[in-house]
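**Student:** What follows is the residue order along each chain.
Number of protein chains: 2
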Amino acid sequence: MKGRFGILFFLAAFFVLPVIAQQKTSSYVLVIHGGAGTILKKNMTPEKEAAYKSSLKKALETGYRILQSGGSSLDAVEATVRVLEDDSLFNAGKGAVFTHEGRNELDAAIMNGKTKAAGAVAGVTTVRNPVSAARAVMEKSEHVMMVGPGAEKFAREAGLEIVDPSYFRTETRWQDLQRAIREDSLASAKSNAYTNPGKLGIKNRDYKFGTVGAVALDQQGNLAAATSTGGMTNKKYGRIGDSPIIGAGTYANNETAAISCTGWGEFYIRNVVAYDLSALMEYKGLSVQQAGNAVIKKVGDMGGDGGLIALDKKGNMTMSFNTEGMYRGAVTKDGKIQIEIYK
Amino acid sequence: MKGRFGILFFLAAFFVLPVIAQQKTSSYVLVIHGGAGTILKKNMTPEKEAAYKSSLKKALETGYRILQSGGSSLDAVEATVRVLEDDSLFNAGKGAVFTHEGRNELDAAIMNGKTKAAGAVAGVTTVRNPVSAARAVMEKSEHVMMVGPGAEKFAREAGLEIVDPSYFRTETRWQDLQRAIREDSLASAKSNAYTNPGKLGIKNRDYKFGTVGAVALDQQGNLAAATSTGGMTNKKYGRIGDSPIIGAGTYANNETAAISCTGWGEFYIRNVVAYDLSALMEYKGLSVQQAGNAVIKKVGDMGGDGGLIALDKKGNMTMSFNTEGMYRGAVTKDGKIQIEIYK
Numbered sequence: 001m002k003g004r005f006g007i008l009f010f011l012a013a014f015f016v017l018p019v020i021a022q023q024k025t026s027s028y029v030l031v032i033h034g035g036a037g038t039i040l041k042k043n044m045t046p047e048k049e050a051a052y053k054s055s056l057k058k059a060l061e062t063g064y065r066i067l068q069s070g071g072s073s074l075d076a077v078e079a080t081v082r083v084l085e086d087d088s089l090f091n092a093g094k095g096a097v098f099t100h101e102g103r104n105e106l107d108a109a110i111m112n113g114k115t116k117a118a119g120a121v122a123g124v125t126t127v128r129n130p131v132s133a134a135r136a137v138m139e140k141s142e143h144v145m146m147v148g149p150g151a152e153k154f155a156r157e158a159g160l161e162i163v164d165p166s167y168f169r170t171e172t173r174w175q176d177l178q179r180a181i182r183e184d185s186l187a188s189a190k191s192n193a194y195t196n197p198g199k200l201g202i203k204n205r206d207y208k209f210g211t212v213g214a215v216a217l218d219q220q221g222n223l224a225a226a227t228s229t230g231g232m233t234n235k236k237y238g239r240i241g242d243s244p245i246i247g248a249g250t251y252a253n254n255e256t257a258a259i260s261c262t263g264w265g266e267f268y269i270r271n272v273v274a275y276d277l278s279a280l281m282e283y284k285g286l287s288v289q290q291a292g293n294a295v296i297k298k299v300g301d302m303g304g305d306g307g308l309i310a311l312d313k314k315g316n317m318t319m320s321f322n323t324e325g326m327y328r329g330a331v332t333k334d335g336k337i338q339i340e341i342y343k
Numbered sequence: 001m002k003g004r005f006g007i008l009f010f011l012a013a014f015f016v017l018p019v020i021a022q023q024k025t026s027s028y029v030l031v032i033h034g035g036a037g038t039i040l041k042k043n044m045t046p047e048k049e050a051a052y053k054s055s056l057k058k059a060l061e062t063g064y065r066i067l068q069s070g071g072s073s074l075d076a077v078e079a080t081v082r083v084l085e086d087d088s089l090f091n092a093g094k095g096a097v098f099t100h101e102g103r104n105e106l107d108a109a110i111m112n113g114k115t116k117a118a119g120a121v122a123g124v125t126t127v128r129n130p131v132s133a134a135r136a137v138m139e140k141s142e143h144v145m146m147v148g149p150g151a152e153k154f155a156r157e158a159g160l161e162i163v164d165p166s167y168f169r170t171e172t173r174w175q176d177l178q179r180a181i182r183e184d185s186l187a188s189a190k191s192n193a194y195t196n197p198g199k200l201g202i203k204n205r206d207y208k209f210g211t212v213g214a215v216a217l218d219q220q221g222n223l224a225a226a227t228s229t230g231g232m233t234n235k236k237y238g239r240i241g242d243s244p245i246i247g248a249g250t251y252a253n254n255e256t257a258a259i260s261c262t263g264w265g266e267f268y269i270r271n272v273v274a275y276d277l278s279a280l281m282e283y284k285g286l287s288v289q290q291a292g293n294a295v296i297k298k299v300g301d302m303g304g305d306g307g308l309i310a311l312d313k314k315g316n317m318t319m320s321f322n323t324e325g326m327y328r329g330a331v332t333k334d335g336k337i338q339i340e341i342y343k
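Just so you know, the sequences run in chain order V and P. Count the first sequence with the numbering used here and you get residues 1 to 343, in order. Count the second sequence with the numbering used here and you get residues 1 to 343, in order.
Excised from the complex, chain V in its bound form:
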């Protein structure tokens, strides 16, 4: 009998201990952003600052609980972004900015770093949580990207919550649109054409942009990324920014990083920012921090601005931006919550 126990102990040591060891070294991390721009402490009231921090904390706690209990990074980023979409402080879901025509047109994307499966929707006006529509496109269709009424029809058929377009409306954003219409028409009186590449005619863009996003690493070592936005205040002509474009605003690959961007979308599309960060890690051996800084520098060199969050498979993260501030936060490997707004 002693011999058999010996064998059992041997087998246990062989099969069980490595699993325990793996669990001990595994780390789960969640990083979020709520948009980048000219966010200056002098312009912020203590109440407003507290409200933003409280919202970011709530989102982080929601996603972290999922990771802590062994849930997937995909579930974590979706749940986290849903909290930010439901929060009217951020330009995504409820509280999204208005188009020129006075509508809220929402874009979102999600990507699974393990399988490189991806889903995205753009220009939806009735789906309460666009990030969940993006996930449905990824998991329940043969496609990656759907836009407009077709995407809404799909979301409805996939059983997602549909709301009246008025659900997304907030008075603050409506006033932003009125201001943008006044200022843009003054600006366009001077120059209506895009003639000088890199010098686009978007004026006073600080209150126009805004995005939310989350990247996560789960206990299984899988990465995921999600991004959601209302786009740009006073946007016209069915404009789509970088958020729903895989490779531009959103990307995830277990071998490199999960990335979610925020900022002046046109520059992020032209620089294929999210995938460029991954490529710099894969092909040049840069760390996630080095790659994050490099791609933000490229955006800046071209005349654009914004930021991003990125997380690698070891739980190393970066929150790079070249604006005055970026709403951002993380739950790090040791379970500590970090929330920051300014540079």
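Calculated from the structure, these hints are not laboratory results. Careful, some of the hints might be misleading.
Said to hold, decoys possible - Below, a list of computed lysine to any residue pairs in the SDA-like style, where the Cα atoms sit at most 25 Å apart:
1. V/K297 - P/Y283
2. P/K284 - V/E282
3. V/K140 - P/K298
4. V/K153 - P/L177
5. P/K236 - V/K314
6. V/K140 - P/Q178
7. P/K153 - V/G102
8. P/K284 - P/A294
9. V/K284 - P/K297
10. V/K140 - P/R103
11. P/K343 - P/Y283
12. P/K114 - V/Y283
13. P/K284 - V/Y283
14. V/K314 - P/K284
15. V/K297 - P/K114
16. V/K153 - P/K343
17. V/K140 - V/R128
18. P/K336 - P/Q289
19. P/K140 - V/R103
20. V/K53 - V/T332
21. V/K114 - P/A294
22. V/K42 - V/E340
23. P/K236 - V/T115
24. V/K153 - P/R179
25. V/K140 - P/G102
26. V/K53 - V/G315
27. P/K236 - P/I181
28. V/K153 - P/E183
29. V/K236 - P/R103
30. V/K236 - P/T126
None of these values were measured; they are calculated from a predicted model.
Chain P: place on chain V using the hints.
**Tutor:** Frame of chain V; chain P shown alone:
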């Protein structure tokens, strides 16, 4: 007087000769594709083959004349793609495939390798030449991508030719839709959900896809790329493929290459194929041929198929594909026209 002539000769040698020298060493190249798929010689009639070759030749001659007379690569790729859009043999512009609802929804993109400016439209139904709408977005708006009715409104205001949606209809494509509706509904009866990443449920895709594209190098050493497509037969829900997505189906950068892709769009989006080719050249030092083969291998490894054309600043080109055939052609540095269809 002799002295003054001497000075003039000196000045002429200084200013004029370098220009001549530059013209002598500069090379201009144009490469096009008309879609990749199961194109087998045994299924092709001599008449059909001749028609395809004649159409490809006409497109090549149109773009090459522009390059030859010192025009820009941007003008060349736009003019070349317009010829292919106007030709009902290819799935772009007239002759585009039908959506599930029996509409022709067109996507296109263009990118300037010198400035990395880019423009794209998706889901337009009334613009005769979507590639020109993409160029208008690039040059006359502050945006990169516009979709749906907004993009059509913009194209109209930009003065582009607007046609009745029936202009795009061909009987062949209509029959393809009827066949796809029958076959897809049989397929979806078995499996309607995307459950196994990498194994999408698209059946009989050979007659469903198709794209046209052009890449060019002009006498000034500038690269440009353009792509145009009707997307996928029987597509639903406002699906968008890779063609209008900068970095996925279309990309250009003077430092690396101009790229236009064709194939199973979902895999091209997930692999960010066009930009990946550029990144492999920039970060790993691969040649355009090596990079082209590497990215097509990645698409194949994931379960997708298709092809691409790419051209670097020295006029080196590749036409990589993993399908049975790809309609393709080039005018090489020595002015020779090459046209091929099969492997």
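**Student:** Next step is simple, just say for each hint if it's right about the structure.
**Tutor:** Now the hints, each set against the structure:
no.	hint	result
1	V/K297 - P/Y283	holds (17 Å)
2	P/K284 - V/E282	holds (10 Å)
3	V/K140 - P/K298	holds (24 Å)
4	V/K153 - P/L177	holds (20 Å)
5	P/K236 - V/K314	violated (39 Å)
6	V/K140 - P/Q178	holds (24 Å)
7	P/K153 - V/G102	holds (16 Å)
8	P/K284 - P/A294	holds (12 Å)
9	V/K284 - P/K297	holds (20 Å)
10	V/K140 - P/R103	holds (23 Å)
11	P/K343 - P/Y283	violated (30 Å)
12	P/K114 - V/Y283	holds (24 Å)
13	P/K284 - V/Y283	holds (6 Å)
14	V/K314 - P/K284	holds (24 Å)
15	V/K297 - P/K114	holds (19 Å)
16	V/K153 - P/K343	violated (41 Å)
17	V/K140 - V/R128	holds (18 Å)
18	P/K336 - P/Q289	holds (20 Å)
19	P/K140 - V/R103	holds (23 Å)
20	V/K53 - V/T332	holds (17 Å)
21	V/K114 - P/A294	holds (20 Å)
22	V/K42 - V/E340	holds (15 Å)
23	P/K236 - V/T115	holds (24 Å)
24	V/K153 - P/R179	holds (24 Å)
25	V/K140 - P/G102	holds (23 Å)
26	V/K53 - V/G315	holds (23 Å)
27	P/K236 - P/I181	holds (11 Å)
28	V/K153 - P/E183	holds (22 Å)
29	V/K236 - P/R103	holds (24 Å)
30	V/K236 - P/T126	holds (18 Å)
Comparing the model with each earlier hint shows violations of hints 5, 11, 16; every other hint is respected.
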